[in-house]
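Protein chains: 4
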Amino acid sequence: MGNTFGHILQLTTFGESHGYAIGGVIDGYPAGITIDMDFVRKELSRRATNQSTFSSARKEVENVTFLSGIFKGKSLGTPIAFVVQNEDARPSDYETLRDVYRPSHADYTYMAKYGLRDHRGGGRASARETIARVVAGALAKTVLLSQGIHIQAFTSQIGPIALSKPYTDYDLSTAESNDVRCPDRELATKMQDFLTQTRLASDSAGGVVTCVIKGCPAGIGEPVFGKLESVLASAMLSIPAAKGFELGGGFSLTNKYGSEANDAFFEKNGQICTRSNNSGGIQGGISNGEDIYFNVAFKPIPTIATPQETVNMQGDNVIIETKGRHDVCAVPRAVVIVEAMAALSILDALLLQRTNRI
Amino acid sequence: MGNTFGHILQLTTFGESHGYAIGGVIDGYPAGITIDMDFVRKELSRRATNQSTFSSARKEVENVTFLSGIFKGKSLGTPIAFVVQNEDARPSDYETLRDVYRPSHADYTYMAKYGLRDHRGGGRASARETIARVVAGALAKTVLLSQGIHIQAFTSQIGPIALSKPYTDYDLSTAESNDVRCPDRELATKMQDFLTQTRLASDSAGGVVTCVIKGCPAGIGEPVFGKLESVLASAMLSIPAAKGFELGGGFSLTNKYGSEANDAFFEKNGQICTRSNNSGGIQGGISNGEDIYFNVAFKPIPTIATPQETVNMQGDNVIIETKGRHDVCAVPRAVVIVEAMAALSILDALLLQRTNRI
Amino acid sequence: MGNTFGHILQLTTFGESHGYAIGGVIDGYPAGITIDMDFVRKELSRRATNQSTFSSARKEVENVTFLSGIFKGKSLGTPIAFVVQNEDARPSDYETLRDVYRPSHADYTYMAKYGLRDHRGGGRASARETIARVVAGALAKTVLLSQGIHIQAFTSQIGPIALSKPYTDYDLSTAESNDVRCPDRELATKMQDFLTQTRLASDSAGGVVTCVIKGCPAGIGEPVFGKLESVLASAMLSIPAAKGFELGGGFSLTNKYGSEANDAFFEKNGQICTRSNNSGGIQGGISNGEDIYFNVAFKPIPTIATPQETVNMQGDNVIIETKGRHDVCAVPRAVVIVEAMAALSILDALLLQRTNRI
Amino acid sequence: MGNTFGHILQLTTFGESHGYAIGGVIDGYPAGITIDMDFVRKELSRRATNQSTFSSARKEVENVTFLSGIFKGKSLGTPIAFVVQNEDARPSDYETLRDVYRPSHADYTYMAKYGLRDHRGGGRASARETIARVVAGALAKTVLLSQGIHIQAFTSQIGPIALSKPYTDYDLSTAESNDVRCPDRELATKMQDFLTQTRLASDSAGGVVTCVIKGCPAGIGEPVFGKLESVLASAMLSIPAAKGFELGGGFSLTNKYGSEANDAFFEKNGQICTRSNNSGGIQGGISNGEDIYFNVAFKPIPTIATPQETVNMQGDNVIIETKGRHDVCAVPRAVVIVEAMAALSILDALLLQRTNRI
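Protein chains in written order, with numbering that gives the first Met the number 0: chain A, 0 to 357; chain B, 0 to 357; chain C, 0 to 357; chain D, 0 to 357.
These aren't lab readings, by the way, just hints derived from the structure by calculation. Possibly wrong hints are sitting among the right ones.
No copy labels: a pair is met if it fits in one copy or bridges any two.
Said to hold, decoys possible - List of simulated lysine to aspartate or glutamate pairs, EDC-like, C-alpha gap at most 16 Å:
(1) Lys164 / Glu185
(2) Lys267 / Glu308
(3) Lys164 / Glu308
(4) Lys213 / Asp290
(5) Lys73 / Asp35
Just so we're clear, the structure is a prediction, and the values are computed from it rather than from any experiment.
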C-alpha cells in the first residue's frame with residue numbers, strides 16, 4: 000500500500016538492504032524523453048557511500064540496470080523498471096543483531112507491524128532503499144530541466160554549525176565542491192572538522208538540508224489536500240531520518256507580524272513578482288513563480304559505536320554495541336535524495352496541471 | 000484531483016467561502032458506529048469564529064446537516080455526506096478586492112492555476128473550508144476513542160511567547176479553559192495581551208500548535224511513502240497558513256548527537272517502552288506505542304488592516320487596504336483543525352494496518 | 000473506499016434512496032467551462048421515472064442544487080458538489096420489508112457486509128443513486144461536445160425483441176422519440192407491447208443498451224490495467240442490474256476466424272481508418288479513432304409483484320409479496336446512465352492523455 | 000498511470016516483449032505468508048507457450064527471480080518484486096514489421112498515444128506481459144486457499160464448439176487433463192480438431208473462458224464503483240484480446256422474466272443460500288456466499304499467416320504477411336491469466352472488507 004509515490008508520475012520502490020536487489024518502477028513518465036544514462040550514474044555517484052570519510056565504508060558503486068520502458072535511448076511511455084543488485088552485502092555483520100532492537104531504528108516497529116522482519120542492515124528500512132529514488136529523480140530532473148526548472152539542495156546545517164545568511168547570498172553551484180555539500184567554504188571546513196570529532200567520539204550527527212527550486216511556473220499544486228507544500232512535506236518526511244519540514248520562512252514566521260511576513264506583489268516586465276519570499280514560492284498550495292525553497296531536518300544517524308541500553312526479541316533488557324559500516328552523518332548524502340524527491344513531486348504536479356483546463 | 004484525503008477513510012471536501020455551502024463526503028467510515036451529533040457540534044463550536052476577541056467577527060454558529068450514510072443514529076458503511084450553509088456571507092465586503100491580489104493570499108495563484116477565481120473571501124482558499132475537516136475529524140475521533148486513542152492539540156507558541164517546558168509537564172486538559180488554548184495559564188495571559196496589542200497595531204500574528212496522540216498501538220503507518228510522519232506532515236501542511244511540521248524532537252534534533260537523540264528501549268510489564276521520546280512515537284514510519292507528538296508552524300494571518308503594496312489583475316502596482324472581518328491569529332482555532340487532520344490520518348492508518356496480516 | 004470513480008475527473012456519489020438526499024462531488028473538472036443548467040435538467044428528465052408507463056410511478060422531477068465549484072456560470076476548477084433532495088420518499092411503503100431479504104436484491108449482501116442496513120427502498124443500492132451519475136455525466140458531456148466527441152446510447156434489446164441490424168444502419172437520433180429509446184420504430188412498438196404484457200403478468204424484463212461514442216481521437220486509454228475497455232467495463236458493471244459488457248464484436252467474435260475478425264487499416268485523406276470495426280474502436284486498450292461502441296446487458300428488475308420464496312433476518316423461510324412503485328424494465332432509463340458513465344470514462348481518459356507527452 | 004492493479008494488494012507490472020525483462024512488484028501482500036516457489040513455477044508452466052501444438056513455438060520455460068519482499072521463505076509485508084528475463088527473444092523476426100501497423104494489433108494505437116513504440120513483438124502490448132500477472136496470481140491464490148477460497152477457470156468455448164451444460168455438471172478438475180483445458184473430454188477433442196484445421200488454414204480462433212470461484216464468503220465488494228463485478232470486469236477486460244465479460248447468467252438474462260431470473264433465498268443449516276445462481280454469486284456488488292462465476296470472451300488472435308491489407312507508418316496502403324511464432328488460439332493459455340486476475344481481485348476485496356467494521 001505504501002510503496003508508491005505520486006499520482007501521474009508514480010514511483011514504486013522495492014528492496015531490502017541485504018536482499019537480492021533494490022529497485023523501482025516509474026509509471027507515467029512522459030514518452031519520447033531521451034534518457035541520459037551518464038546523468039543517472041552521476042546522480043547515483045553523488046549519493047554513493049564511498050564518497051567521503053564521513054560516510055559508511057560500504058562500497059556502493061552502483062550499477063543500475065534498466066529492464067523496460069526505454070527503447071533506442073528514449074522513454075516509451077510504458078513503465079521504466081530498474082534494479083541495482085546488492086553486491087557488497089555482508090549479512091554476517093548483522094547476525095548479532097538478529098534478536099535485538101536497535102534504539103531509534105525501525106527494528107521493533109517493523110516487528111510490531113508485520114510480525115517478522117529482515118534484520119540484516121535494517122531490511123526495508125535501510126537508507127539503501129533511496130537508491131531507487133535517486134534513479135527516478137534523475138529521470139524526473141531531465142524532464143524538468145527541459146522545462147527550465149532547476150532543483151538544487153545543499154547542506155545548510157550540521158550539528159551546531161549552520162549557515163547564517165539566506166541561500167540567495169551564495170553561489171549554490173559551489174556546494175558540490177566539498178564533501179559536506181555546503182556552499183559556504185569556511186563553514187564547510189568547520190562542518191568537516193565537527194564530523195571528524197564526532198566520529199572519533201564514536202557518535203553521530205544530524206543537520207539540515209535546504210532545497211531550492213528555480214524556474215517553476217506559477218499555477219502548479221492541487222488544493223486543498225494536494226497542495227504543493229503538502230506534497231513536498233510528505234515527500235521529504237518519507238526520507239529516512241527526516242524529522243521536520245518547513246517551507247520558506249517556516250518556523251521563523253511564527254514569530255513575525257503579518258506586516259513583516261507578507262510578500263508584497265509588484266509588476267516587473269509584465270511578470271508578477273514578490274518583493275520578499277517568506278512564502279517560499281507557494282501560496283494557497285499553488286506555486287507563484289518565485290523560487291520554491293524549504294528546509295528538511297535530519298536527526299543524527301541512530302547507529303553509533305557506543306554501547307546502548309535496549310531490549311531483545313525475548314523482551315530482556317540488554318546492552319548492544321553496533322559494529323558494521325555506517326555513516327557519521329546522513330546529511331551530505333541526503334542532499335541528493337531531497338533533490339530526487341523534490342523532482343518527483345514537481346514533475347507530478349506539472350503533469351497534473353495539464354489537466355486543469357481544456 | 001486534490002480534494003480527497005486518505006486511502007481507506009477518505010474525506011472529500013467542497014465549497015467556497017461565500018458560495019452556497021461548505022461540506023464534505025466521508026467514504027470508508029466503518030459501519031455500525033453511533034454518531035454523536037452533540038460531539039460534532041461541540042467540535043464545530045471549538046472551531047467557530049465567534050469564540051474570542053481574537054477571531055473574526057463573522058458569526059459562525061454552524062449548522063451541519065447530514066445528508067446520507069447514517070440510519071437510526073448509526074453509520075451505514077456508505078458515504079456520509081454533510082453540508083453547512085454559508086448563511087452570514089457578505090460578498091459585498093469583498094467587492095473592492097475583485098481585481099486585486101492580496102499579498103501572501105492565494106488570489107494570484109488561483110488565477111494563475113485556473114484562469115478564473117471566486118474572489119469573495121478567498122473562495123476555495125478560505126479557512127472556512129476546514130469546517131468540513133472538523134466534522135469529519137469529530138467522526139474519526141469517535142472511532143479512535145473507542146479504541147483508546149486520544150488526540151489533543153494546544154497552542155505552544157504565539158508570536159514571541161512560547162512554552163519552555165515539554166508537554167509532559169502540563170495538564171493538557173486545561174488548554175481549553177482559555178481563549179488561546181494554551182495549557183500554561185500564565186503564558187496564556189501573556190499571549191492574550193500580545194494579541195490585543197497586535198490587533199491595536201492593525202497587525203496579525205502566527206504561532207505553533209503542538210499535537211499529542213496517546214494510546215496509539217505500535218505498528219501503524221505504511222513505509223516507505225506512507226510512513227506515518229509522511230502522512231501527518233501532508234495532513235498538517237494542507238491546513239491554511241501552515242508552513243512547517245516537525246515530529247518529536249524535530250529541528251532541535253539536528254543539533255544533537257546520536258547518543259543524545261536515541262531513545263533507549265526498556266521492558267516494563269511486558270511492554271516495550273522507550274526512556275526518552277525524541278522519535279515522537281514513530282520509528283521508520285511506524286508507530287512504536289509511545290505518544291505521537293508533533294508541532295505545526297503557522298504564519299501570521301496575511302489579512303491585515305494596514306495599507307500594503309500589491310498588483311491588480313491588470314498588472315498595475317496598487318496599494319490595498321483590507322477591510323472585512325478577520326482573525327488576528329489563526330493559531331487558537333487551528334488547534335481544532337490540527338486535531339481533526341490527525342484523527343483522520345490515524346484512523347486511516349489504523350484501518351490500513353488491518354490488511355497487513357491474514 | 001468504493002464511492003469514487005475516475006482518476007483525474009473524480010466523481011464521488013452519496014445518498015440512500017429514502018435518506019435526506021442523493022448527490023455527488025465532481026473533482027478535477029476543468030476550469031472555465033460554462034455550465035449549462037438546462038442541459039443538466041434535460042438529462043435528469045431523460046432519466047426520470049415518470050416518463051413512461053413502464054417506469055415506476057414514483058414522481059421524480061428532480062431539482063438539483065449546486066453547492067460549490069461554479070461562479071458566474073463557469074466551473075472554477077474546484078470541486079462541484081450538488082444535491083437532489085428525496086422529496087417523494089414514502090418509507091412506509093417499505094416497512095413490511097424491514098426484516099426480509101428480497102430475492103436478487105442487495106438486502107442480504109449489504110447486511111452481510113456492513114452488519115446493518117437502511118432497508119427503505121434498497122438504501123444505497125437503489126438505482127436512485129444514479130441521479131448523481133447523470134448530473135456528472137451531463138457536465139462531462141459538455142466538455143466532450145466542445146471537443147467534438149458525441150456519446151449516444153439506445154435500447155437494442157428488450158426481452159426477446161432485439162435489433163438485428165448493426166447500429167450504423169439506424170439514425171440514432173430517432174431513439175429518443177419513443178418511450179423505449181429504440182431507433183427502430185417498428186421494434187420499439189413491439190418492445191412496448193412486450194412490456195405491457197409483462198406488466199400485466201406482474202413480471203419484469205431485461206434487455207441490452209448499446210452505446211456509441213463518435214469523434215473520440217486516437218490515443219486515449221492507459222494500458223495495461225487502465226485500458227479504455229477495462230475502464231468502460233468497470234463503469235458499466237457498476238450500474239445497478241448490469242450483468243455483462245462487450246466491446247465491438249464482443250462475444251460474437253469468439254466464433255469468428257482471425258481473418259474475419261481483423262479490422263484492416265487503410266488510408267483515407269491522410270487519416271488511418273479501418274474497413275470494419277469489430278474492435279469497437281479500441282486496440283490494445285487505446286482508442287484508434289473509429290467509433291467506440293459496446294453493449295451492456297441488464298437483468299430483469301428483481302422487484303416483481305408475484306409472491307416469492309425467501310428468508311428473513313431471523314433466518315426463517317418466508318414468502319414475500321412486493322408492493323411499492325417499481326419499473327417493469329430498467330433498460331430505457333439505463334440508456335441515460337450508460338451515457339453518463341461513458342462520458343465520465345472518456346473525459347477522464349482524455350485528461351490523462353494530456354500527461355503522456357511533454 | 001495505468002500499470003497498477005488493486006487498492007490494497009497492488010500489482011504493478013512492467014516490461015516489453017523483447018526488452019530486457021518482464022516483471023512486477025506486488026505491494027500490500029500480507030506479511031508472514033509462506034511462498035510456495037514450486038506453485039509459482041507450476042502456474043507459470045500452465046501459462047507457458049510450449050505446452051501444446053496450438054501455442055506459439057517460442058520457448059518459454061520461464062525462470063522467475065524474486066528480488067525482494069521474501070525472507071526465509073516468508074513474505075515480509077514489503078513489496079515483492081520479481082523479474083523474468085526475455086531470453087529467447089528474436090527481435091530480428093520483427094524487423095520487417097518495424098514500419099507497418101498490423102491489423103487489430105496495438106501497433107497503431109501505441110504510436111498514436113505515445114508518438115513512438117517498441118515494434119518488436121508488440122512491445123508492451125504483447126501477451127508476454129501477463130507472465131507478471133500469473134506470478135502475482137499464484138501468490139494471491141496461496142492466501143486465498145488458506146481462507147478456503149478456490150478459483151478455477153476452464154475453456155467453455157473455442158470457435159463454434161461450446162459447452163452446452165452448466166459448469167456444475169462437470170468435474171472441473173479434469174479440465175487440466177487436455178491441451179485445450181475443457182472439462183468435457185469429448186468437446187475437448189473436437190476443439191483440438193478445430194484448432195488443427197484452423198492452423199492448417201493459416202487462420203486463428205477465439206473462444207470463451209469460464210471462471211468459478213468457490214468458498215468466497217458473503218460480504219466482499221465495495222459499492223458503488225468498486226462493486227465486485229465492476230472490479231472483475233475491469234480485471235478481465237485488461238487481459239489482451241478480451242472483448243467481453245458477463246457475470247452469472249449474463250447476457251442470457253436479458254431475455255428472461257424477473258420471475259425466472261431471480262434467485263430465491265432459503266435457509267440451510269443456518270446458512271442463507273439461493274436456489275438458483277443467475278446472479279453469479281454477487282448481488283448489489285457484494286458477494287452473497289454462492290459460487291462466483293463469469294465468462295470472458297476472447298477474440299481470435301489477430302496475428303495470422305495470411306496476407307492482409309494495412310497501412311505503414313508513412314501512411315501508404317500495403318499488404319503484410321506475418322511470420323514469427325504465434326498461437327492459433329489464446330483461450331487455453333488465457334485460462335491461467337483469468338484465474339490470476341480473479342485471484343488478485345478477490346484477495347484485494349477480501350483485504351478491503353477487513354476495514355469495513357471496527
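Hint by hint, here is what the structure shows:
In this assembly of identical chains, the alpha carbons of Lys164 and Glu185 lie at most 16 Å apart only when taken from the same copy (13 Å versus 35 Å across copies). When the C-alpha separation of Lys267 and Glu308 is checked against a cutoff of 16 Å, the pair qualifies only between copies, where the shortest distance is 14 Å, while the shortest distance within a copy is 60 Å. Taking the shortest alpha-carbon separations for Lys164 and Glu308, neither the intra-copy value of 40 Å nor the inter-copy value of 26 Å comes in at or below 16 Å. Only within a single protomer do Lys213 and Asp290 lie at most 16 Å apart by alpha-carbon distance; the minimum there is 5 Å, versus 39 Å between protomers.
In this homomeric assembly, Lys73 and Asp35 come within 16 Å of each other (Cα to Cα) only inside a single copy, at 9 Å, whereas the closest approach across copies is 38 Å.
In summary, the one numbered hint that this structure violates is 3.
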